[in-house]
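Participant: Starting from the known structure of chain A, fit chain B onto it as the hints suggest.
Number of protein chains: 2
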Amino acid sequence: MNPLESEEFRRQGHMVIDFIADYYNNIESYPVLSRVEPGYLRKRLPKSAPKIPEPIETILKDVNDHIIPGLTHWQSPTHFALFPSSASTAGFLGETLAAGLNVVGLNWVSSPAATELETIVMDWLGEMLKLPNSFLFSGTGGGVLMGTTCEAVICTLVAARDRKLNEIGRENIGKLVVYGSDQTHSAFQKASRIVGIHPENCRIIETSKKTLLSMSSEILKKKIVADVEAGLVPLFVCATVGTTATTAVDPLGPISDVAKAHDMWVHVDAAYAGSACICPEFRHFIDGVERVNSFSFNAHKWFFTTLDCCCLWVKDPIALTKSLSTSPEFLKNKATESKLVVDYKDWQITLSRRFRSLKLWLVLRSYGVERLQGFLRSHVKMAKQFEALLGTDDRFEVVVKRNFSLVCFRISPLAISKFKIIITTTTTTTAKNDVVFGDEYGVINGNVNLREACINDVNKELLESINGSGRVYMSHCMVGDVYALRFAVGSTLTEESHIVRAWKVVKQHADAILANYI
Amino acid sequence: MNPLESEEFRRQGHMVIDFIADYYNNIESYPVLSRVEPGYLRKRLPKSAPKIPEPIETILKDVNDHIIPGLTHWQSPTHFALFPSSASTAGFLGETLAAGLNVVGLNWVSSPAATELETIVMDWLGEMLKLPNSFLFSGTGGGVLMGTTCEAVICTLVAARDRKLNEIGRENIGKLVVYGSDQTHSAFQKASRIVGIHPENCRIIETSKKTLLSMSSEILKKKIVADVEAGLVPLFVCATVGTTATTAVDPLGPISDVAKAHDMWVHVDAAYAGSACICPEFRHFIDGVERVNSFSFNAHKWFFTTLDCCCLWVKDPIALTKSLSTSPEFLKNKATESKLVVDYKDWQITLSRRFRSLKLWLVLRSYGVERLQGFLRSHVKMAKQFEALLGTDDRFEVVVKRNFSLVCFRISPLAISKFKIIITTTTTTTAKNDVVFGDEYGVINGNVNLREACINDVNKELLESINGSGRVYMSHCMVGDVYALRFAVGSTLTEESHIVRAWKVVKQHADAILANYI
Numbered sequence: 001m002n003p004l005e006s007e008e009f010r011r012q013g014h015m016v017i018d019f020i021a022d023y024y025n026n027i028e029s030y031p032v033l034s035r036v037e038p039g040y041l042r043k044r045l046p047k048s049a050p051k052i053p054e055p056i057e058t059i060l061k062d063v064n065d066h067i068i069p070g071l072t073h074w075q076s077p078t079h080f081a082l083f084p085s086s087a088s089t090a091g092f093l094g095e096t097l098a099a100g101l102n103v104v105g106l107n108w109v110s111s112p113a114a115t116e117l118e119t120i121v122m123d124w125l126g127e128m129l130k131l132p133n134s135f136l137f138s139g140t141g142g143g144v145l146m147g148t149t150c151e152a153v154i155c156t157l158v159a160a161r162d163r164k165l166n167e168i169g170r171e172n173i174g175k176l177v178v179y180g181s182d183q184t185h186s187a188f189q190k191a192s193r194i195v196g197i198h199p200e201n202c203r204i205i206e207t208s209k210k211t212l213l214s215m216s217s218e219i220l221k222k223k224i225v226a227d228v229e230a231g232l233v234p235l236f237v238c239a240t241v242g243t244t245a246t247t248a249v250d251p252l253g254p255i256s257d258v259a260k261a262h263d264m265w266v267h268v269d270a271a272y273a274g275s276a277c278i279c280p281e282f283r284h285f286i287d288g289v290e291r292v293n294s295f296s297f298n299a300h301k302w303f304f305t306t307l308d309c310c311c312l313w314v315k316d317p318i319a320l321t322k323s324l325s326t327s328p329e330f331l332k333n334k335a336t337e338s339k340l341v342v343d344y345k346d347w348q349i350t351l352s353r354r355f356r357s358l359k360l361w362l363v364l365r366s367y368g369v370e371r372l373q374g375f376l377r378s379h380v381k382m383a384k385q386f387e388a389l390l391g392t393d394d395r396f397e398v399v400v401k402r403n404f405s406l407v408c409f410r411i412s413p414l415a416i417s418k419f420k421i422i423i424t425t426t427t428t429t430t431a432k433n434d435v436v437f438g439d440e441y442g443v444i445n446g447n448v449n450l451r452e453a454c455i456n457d458v459n460k461e462l463l464e465s466i467n468g469s470g471r472v473y474m475s476h477c478m479v480g481d482v483y484a485l486r487f488a489v490g491s492t493l494t495e496e497s498h499i500v501r502a503w504k505v506v507k508q509h510a511d512a513i514l515a516n517y518i
Numbered sequence: 001m002n003p004l005e006s007e008e009f010r011r012q013g014h015m016v017i018d019f020i021a022d023y024y025n026n027i028e029s030y031p032v033l034s035r036v037e038p039g040y041l042r043k044r045l046p047k048s049a050p051k052i053p054e055p056i057e058t059i060l061k062d063v064n065d066h067i068i069p070g071l072t073h074w075q076s077p078t079h080f081a082l083f084p085s086s087a088s089t090a091g092f093l094g095e096t097l098a099a100g101l102n103v104v105g106l107n108w109v110s111s112p113a114a115t116e117l118e119t120i121v122m123d124w125l126g127e128m129l130k131l132p133n134s135f136l137f138s139g140t141g142g143g144v145l146m147g148t149t150c151e152a153v154i155c156t157l158v159a160a161r162d163r164k165l166n167e168i169g170r171e172n173i174g175k176l177v178v179y180g181s182d183q184t185h186s187a188f189q190k191a192s193r194i195v196g197i198h199p200e201n202c203r204i205i206e207t208s209k210k211t212l213l214s215m216s217s218e219i220l221k222k223k224i225v226a227d228v229e230a231g232l233v234p235l236f237v238c239a240t241v242g243t244t245a246t247t248a249v250d251p252l253g254p255i256s257d258v259a260k261a262h263d264m265w266v267h268v269d270a271a272y273a274g275s276a277c278i279c280p281e282f283r284h285f286i287d288g289v290e291r292v293n294s295f296s297f298n299a300h301k302w303f304f305t306t307l308d309c310c311c312l313w314v315k316d317p318i319a320l321t322k323s324l325s326t327s328p329e330f331l332k333n334k335a336t337e338s339k340l341v342v343d344y345k346d347w348q349i350t351l352s353r354r355f356r357s358l359k360l361w362l363v364l365r366s367y368g369v370e371r372l373q374g375f376l377r378s379h380v381k382m383a384k385q386f387e388a389l390l391g392t393d394d395r396f397e398v399v400v401k402r403n404f405s406l407v408c409f410r411i412s413p414l415a416i417s418k419f420k421i422i423i424t425t426t427t428t429t430t431a432k433n434d435v436v437f438g439d440e441y442g443v444i445n446g447n448v449n450l451r452e453a454c455i456n457d458v459n460k461e462l463l464e465s466i467n468g469s470g471r472v473y474m475s476h477c478m479v480g481d482v483y484a485l486r487f488a489v490g491s492t493l494t495e496e497s498h499i500v501r502a503w504k505v506v507k508q509h510a511d512a513i514l515a516n517y518i
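Residue numbers (UniProt numbering), protein chains in the order written: chain A, 1 to 518; chain B, 1 to 518.
In isolation and in its complexed conformation, chain A is listed as follows (with noise of 0.2 Å):
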């Protein structure tokens, strides 16, 4: 039978169709952090593939039996962790009609459909993000579907990139400096790291709690400026709104003051907030935006959207073009030439692409933006709920401002008055590496320190605890020196008994926990 035959096509698909909507069913069954330990499914799986075939009766059994386990479920309502991989029906269904239809996108012509769809999104989506012109296709610039922000900020950081070295001279590579946070996403450092700047040439800019771990201006001036002195060539700086730790927001608009001084290339990573930009409410977030460069989110994050699908938007596509493009002899084509049409191939790192926008399409038109809106606002509202919770508890505390949907916490230090002490030299009552618990820090040296770091140990002992649970799933960060728990809302499933459910969970687990040290 031929591999594509349409009515055993038919068959299967419906059958897995099934076992994903049943899969949703049960989601709750699961634990939501897998508990399989490394190397487990090599254990169960044969070692060769098979001669012949095998029904998609027996695989689907398998996926049950041994991919479930190993799966962290992250369309859990009470997955937590990190930032969410929001699925929806839509998302889910345009992937599927990609899948099925599986053209291949190089340019234009390649299928005309896959191009001229993703240029029309973008340019839904722009409005409704309420970018200026100069980012639309109806304007002066356009947008692009990538995989992720990493090949956003490879593409931008490339078209910035020859752009100055085609000024100053191939030769001064290394003199190329780039500029983003102590929190910007290390996305940004990698991506350097790919296009050849020097590593040395990676500039940090420190942050601190005290202006809610944003970028300085004022400090990247005067970064940029030491750097001018001291012969090199500032190039792109990437700004974060909501980054992966707290979600804190860097001022695009004096960012941009600072760096369209030096002529240098403004990226703004807004992969998870950028969704919530949609709101009015948010939309202050990325006030500023004129002014960059370039602007990229994260539909799969925080947008409904499965998995994967970077919104680029660039007001010089001819920057990008110009790093990116190639002309094989096997592509040219009329419509190329007449220069009437956009081929995505020159716009990204690679040739061939899926027909990404597809899904967005079936997001934006089956929800709609008033109801988009709404489910981002239900997301925020719960994050609210939760960080009142905390509030009723004097044993916790929130550990920096809350912007979006992102809750950052932690046991308080008042609510800890013992410290475990790990012994670390054998007397006559106590053997190497025994705990105990003292009611003074500090009994084993005189670290100033070491009372933050037996919160920091608390902490990390809830986190462990609730997350062996299997009944929520939350992630952590670090503010400074300060070890938080972050609780991100934003999973699809979620409803507000859940956020009761974790917030039970979170009690019970530091009940436990607490009662050594007090």
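Hints are not guaranteed to be accurate.
Unchecked claim - Mimicking DSS-like on lysine-lysine, the simulated pairs with C-alpha atoms at most 25 Å apart in a straight line are:
{"#": "1", "chain 1": "A", "residue 1": "LYS51", "chain 2": "B", "residue 2": "LYS175"}
{"#": "2", "chain 1": "A", "residue 1": "LYS175", "chain 2": "B", "residue 2": "LYS175"}
{"#": "3", "chain 1": "A", "residue 1": "LYS339", "chain 2": "B", "residue 2": "LYS47"}
{"#": "4", "chain 1": "A", "residue 1": "LYS504", "chain 2": "A", "residue 2": "LYS418"}
{"#": "5", "chain 1": "B", "residue 1": "LYS460", "chain 2": "B", "residue 2": "LYS507"}
Keep in mind the hints are simulated off the structure, nothing from the lab.
Facilitator: Relative to the frame of chain A, chain B by itself:
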């Protein structure tokens, strides 16, 4: 209603499965190459995203009415252009499952099954290709799934670059030289540009039809020696098994010998032809692979796995991870610290990754090794069938030896006795741009290439005429100065009857065109 409500998910999911199954039922009724004009879709869709939700029924109707006409139907059984993008029910189901589970692969802990299944499947597939143990996890290497070859080349280039710069100093980035042939995919030059190789340091080894467009290790050696003498540093060779234009094969062994003498990295791009090497009779094309550093092929091209899915194996994963690893606080976890696990984020460009191994696993299991070999052989057989049909008609010639399932052919110069002459000067009897057919070539000027150019023009006219029919879709390549039509078999639905139909279309359009030229 929650956008992931499971019964609505089920209802809409079934509708989309039926939509796609019906699409496959009707696929032969569409013109293979889309006939829309640039800008067609913007005229048909609203200017802005809808404020309120629209039902799936309306959206699917729009997909049918507005998207389908703008598709170039890569899954059509008469799509013979470029390279195949061979879908299958199993590949589709794997992609669908991955989209449904929608877990985010970052590191092992973010979904252990996603990482572990990938390591297992890459070993299965490596074994099928008879890659040496030095490329497998069960040996000393390992494999990873990326989106496309472009990414595989960037990652291996960055690994090679950083290894070399660690030896010779970062400041010498401008001295690094990379090598490919004039048949190497344009992705190689683009990747080199992205990672900061000086554009002047990308050497192109010229090939010739005499040596079947294969890269000469002798010429490579000469170029390398000349570069070393000029004080430059040879870094990387990209060898190709199955080039994009004609599926030429570079000799891996001799190239590696030359490269190893200069401590260079050799990558093998077997994007299209790699899959064929699971058949013993084709395996010899990658002889010598045991001496290279990395090897990649695209399972989404000719291996029944939905776009996108590039399989990359490396001998030295540490070279990759040294360049590409990041360790942000928010991802720190015990499994990573134990060093017992693979964290694929450190093997690739992006941080987030989809559960790509699922579709490859489903393809391998649903069809099994023997049937997969059978599918590939049937495509090669059909290519031979087309070649045989060409052989029955003196007016056609095969332009370059066929290696796999691609036939490069043209209308033979022997079939053309008149030449199209475009009048360039106005006389009493002719106006500018008039077209006449003359008995002799070279009447306009003394250019000796004119005859070849005329023959090329006839073949261009044939290709446009064929593709304009909508019944089949082929593409073209240049073999030296010769314009050839490319007939690539590999669409999953293609059967022998489609080859016969394609041949009839070719003959019919050649008849009409050649009437002017004889």
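Participant: Look at each hint and say if it fits the structure.
Facilitator: Here's how the hints hold up against the structure:
1. LYS51(A) with LYS175(B): 49 Å, violated
2. LYS175(A) with LYS175(B): With Cα atoms ~16 Å apart, LYS175(A) and LYS175(B) stay inside 25 Å; holds.
3. LYS339(A) with LYS47(B): 23 Å, holds
4. LYS504(A) with LYS418(A): With Cα atoms ~24 Å apart, LYS504(A) and LYS418(A) stay inside 25 Å; holds.
5. LYS460(B) with LYS507(B): Between LYS460(B) and LYS507(B) the Cα gap is close to 15 Å, so the pair holds against 25 Å.
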